[in-house]
Amino acid sequence: MSGIRMYRNGAQLLEDELLLLEEGMRSLLGPSGEDPFADPLAALRGLVVTPEELLRAAPEDETASERWRAFAARRQEAESRMAESERQAAASGNALPLTLLTERLGLSRWERRLVVLAIAGECSRRYEKWFGYLNDDVTLKAATPDLALRLLCDSADERAEGRRALAGTRLRRLLLDAGEEARARTPGFREPLRLDPRIVSFVLEAEPLDARLDGIASRYGPDDAELPALPANDEAWRVLAPLAEAREARAHSHWPMAQLWGPAGAGKRLRVRRLAAARGQALLCAQVERLPAEPAKLAAALAQLVREALLGGAALCFAEGEGAKAPDPALLGVYGDALAGYAACAAHPLVCWCSRERRTPHSLPAAEGRMFWQAEVGLPDAARRETLWMASASAGREGISGPMPQRYEGGLFKEIADKYRLSPGQTEQAWRQARTLAAGSGHAWPAAAELEEAARGQFRHRLAEMAERIVPKRSWSDLVLPPEPLALLREACGRFAHRGRVLEEWGFRDKLPYGTGLHLLLAGPPGTGKTMSAEIVAGELGLDMYRIDLSRIVSKYIGETEQRLRELFAEAEQSGAILFFDEGDALFGKRTEVKDAHDKYANMEAAYLLQRIEAYDGVTILATNLLQNMDEALLRRMSAVIKFPAPDAADRERIFKTHLPPSVPTGDDLDLAFLAARLDVAGGHIKNIVLTAAFLAAGEDRPIGMPHLVRASAQELRKMGKIWVKDHFAPYDGETDASFG
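For the sequence shown, counting from 1, position 245 maps to 245 in full-length UniProt numbering; every step adds exactly one.
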């Protein structure tokens with residue numbers, strides 16, 4: 001190797017390094033030209049000891065020392081020439097893997113020589129003979145710490161450095177392939193030194209990403225040309241911008257961490273990618289829920305992750321799953337150790353943590369005492385959501401002939417945008433899904449129903465695990481109420497429909513940081529239509545509705561109820577669904593005077609629930625039979641309190657009629673006004689009476705007539721504990737004798 005060689009690829013650099021390594025091994029063997037394998041006993045090396053070997057095991061003579069000093073001088077000259085060639089290659093934009101490895105892991109000259117020594121066996125099997133001979137053991141065909149110290153050190157100082165490196169954890173963490181047991185101890189003097197498979201594949205340019213991280217992490221390049229643009233005056237980016245500008249100004253003990261929080265699809269990862277790109281860095285993003293939970297396995301996975309980030313000069317991002325909790329406190333130390341190793345080696349360390357909920361510094365690894373940025377990433381406002389729908393429709397019209405329907409610009413997209421709070425990515429996906437639905441229906445441009453179905457399909461949540469989904473089937477025509485509560489229900493629906501204009505266009509959201517959701521309290525006796533009204537509101541708004549199962553929420557364990565409520569509202573924010581609390585007084589009753597620990601924690605649960613309702617930007621509906629028992633703080637947080645009175649005779653007659661389907665056969669003697677005047681019951685009981693009468697008529701194979709309705713009424717009243725007065729139902733009073741005597 002004389003003169004400066006222009007390296008065109010990493011293989012040429014590695015070739016020169018291996019030639020230099022071979023020269024060093026020959027210098028260890030003896031005088032120049034000596035053939036170590038000419039000895040007839042070479043095949044038995046390590047199995048027999050010859051006199052010559054005893055002499056070689058004795059302290060080095062002056063000739064051997066001179067020979068080694070001459071080689072050491074030649075090696076240093078050769079390494080200087082290679083370093084100059086590497087600088088020229090870098091200047092011409094030619095990235096050589098071994099050069100990158102040296103720079104990004106901060107390898108010393110001795111550590112780089114160790115990499116070349118350990119990788120030699122991966123390049124050619126002929127080195128196995130060299131290693132077996134030099135190890136004095138034909139069965140040990142790999143480099144060892146002993147061989148590394150003899151072959152790679154030019155001075156006593158370098159030998160001391162080598163011993164420290166082999167005894168420390170840095171080599172095992174970054175370079176060497178060590179099992180879980182080996183990581184906890186120093187490699188033996190005769191133990192094979194093997195590089196981690198990722199180091200080998202990186203130097204040999206065999207794979208772009210560690211295969212062991214498949215399904216756990218994704219790598220994004222530093223180019224932001226393909227990334228969607230951020231909204232103008234983006235608040236989250238304003239918070240993060242100093243991190244992009246302060247790339248050079250940092251110390252290893254003060255590396256920055258950023259935590260981004262917000263709903264799924266809001267663009268947390270997009271902003272992290274833009275931040276990394278602004279710093280000229282790639283990004284390695286790991287899914288936290290896919291990392292092992294067992295400490296030793298987690299440490300191994302994090303070591304692979306950190307190594308990959310260092311090799312790529314990348315920033316690190318940890319993304320929690322959308323239903324995930326904060327990291328287990330017991331594992332914070334494992335994360336912290338890995339991140340400390342990352343910060344110690346990285347030229348420009350940056351760690352980001354993305355979650356649905358805001359995290360405090362003490363709940364995140366290595367965050368306390370650190371330069372810590374937090375930014376909330378919210379969903380686009382209504383005006384931007386409408387723009388995103390228009391952009392998706394314009395960009396995704398391949399194969400559609402004819403102009404875009406006027407109804408899109410005429411208010412349909414605005415209506416969809418007001419109702420469904422989708423992220424940019426979700427909007428694009430919803431448009432593609434709507435096109436698929438439209439194609440299945442035989443038309444090109446999606447209709448309103450198809451757009452709404454596609455928009456609802458973007459929500460991913462686990463509410464079904466905590467609540468019962470109610471599918472709206474009834475409409476306004478089925479609801480019998482006095483004018484006042486009916487008008488309040490319709491006004492509530494209108495309030496939701498116009499929230500985009502009021503909150504976004506008119507600026508009320510900036511004035512009201514919380515309390516902008518729609519929260520209804522429906523109060524009245526049982527059976528007066530509260531549940532039906534909630535169902536009708538859900539159908540009118542086009543939203544899914546989930547009835548909360550209190551048995552899955554309330555817990556006897558301290559703090560568990562609050563945790564379940566936190567998860568419930570987090571999933572609701574993810575889904576955009578209506579939360580329906582039936583029998584709400586069980587959770588929202590008046591807080592009591594604290595007399596014992598039970599009262600204290602019950603009041604804490606109620607207070608926490610009130611806070612979550614106020615902060616929830618969606619729709620909640622509470623139903624209660626006992627308005628006087630509800631907490632005053634709850635009433636203050638309600639958008640409307642709608643009272644459901646017991647129906648009068650005229651309303652009861654209408655309720656009877658609404659419960660009779662058009663297809664049901666009825667007798668000529670049906671007198672619903674007669675029954676309504678005599679039955680002082682709510683609509684829920686009227687439903688039971690009509691259904692029981694239908695089964696009685698079906699059993700007799702006759703149309704529903706007054707005899708069936710009177711008998712069903714008698715059954716319902718006695719079930720309610722009310723007195724059945726036969727004379728009140730004359731001339732039908734005899735119809736009940738067969739059943740009740």
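Rather than coming from a laboratory, the hints here were simulated on the basis of the structure.
Please note: incorrect hints may appear among the correct ones.
Said to hold, decoys possible - Distance condition first, Cα-Cα at most 25 Å in a straight line; then the derived SDA-like pairs of lysine to any residue:
no.	residue 1	residue 2
1	K297	A326
2	K297	V239
3	K511	R190
4	K129	G93
5	K687	P645
6	K719	P526
7	K129	D16
8	K414	D510
9	K657	D669
10	K141	R26
Hint check results:
Among the hinted pairs, K297 with A326 is consistent with the structure: their alpha-carbon atoms are about 19 Å apart, no more than 25 Å. Only pairs whose Cα atoms come within 25 Å are accepted, and K297 paired with V239 is rejected, the gap being roughly 35 Å. About 71 Å separates the Cα atoms of K511 and R190, which puts this hinted pair outside 25 Å; it is violated. Between K129 and G93 the alpha-carbon distance is near 38 Å, which puts this suggested pair outside the 25 Å criterion.
Of the supplied pair hints, the one linking K687 and P645 holds, its CA atoms being roughly 17 Å apart against a limit of 25 Å. Distance hint between K719 and P526 is fulfilled; the C-alpha atoms sit about 15 Å from each other, no more than 25 Å. Restraint check for K129 and D16: the C-alpha separation of about 20 Å stays at or below 25 Å, so the hint holds. Taking the CA atoms of K414 and D510, the gap is near 20 Å; set against the 25 Å cutoff, the hint holds.
A hinted pair counts as satisfied when its Cα atoms are at most 25 Å apart, and K657 with D669 qualifies at roughly 15 Å. Distance restraint check for K141 and R26: the Cα-Cα separation of roughly 17 Å lies within the 25 Å cut-off, and the hinted pair is therefore satisfied.
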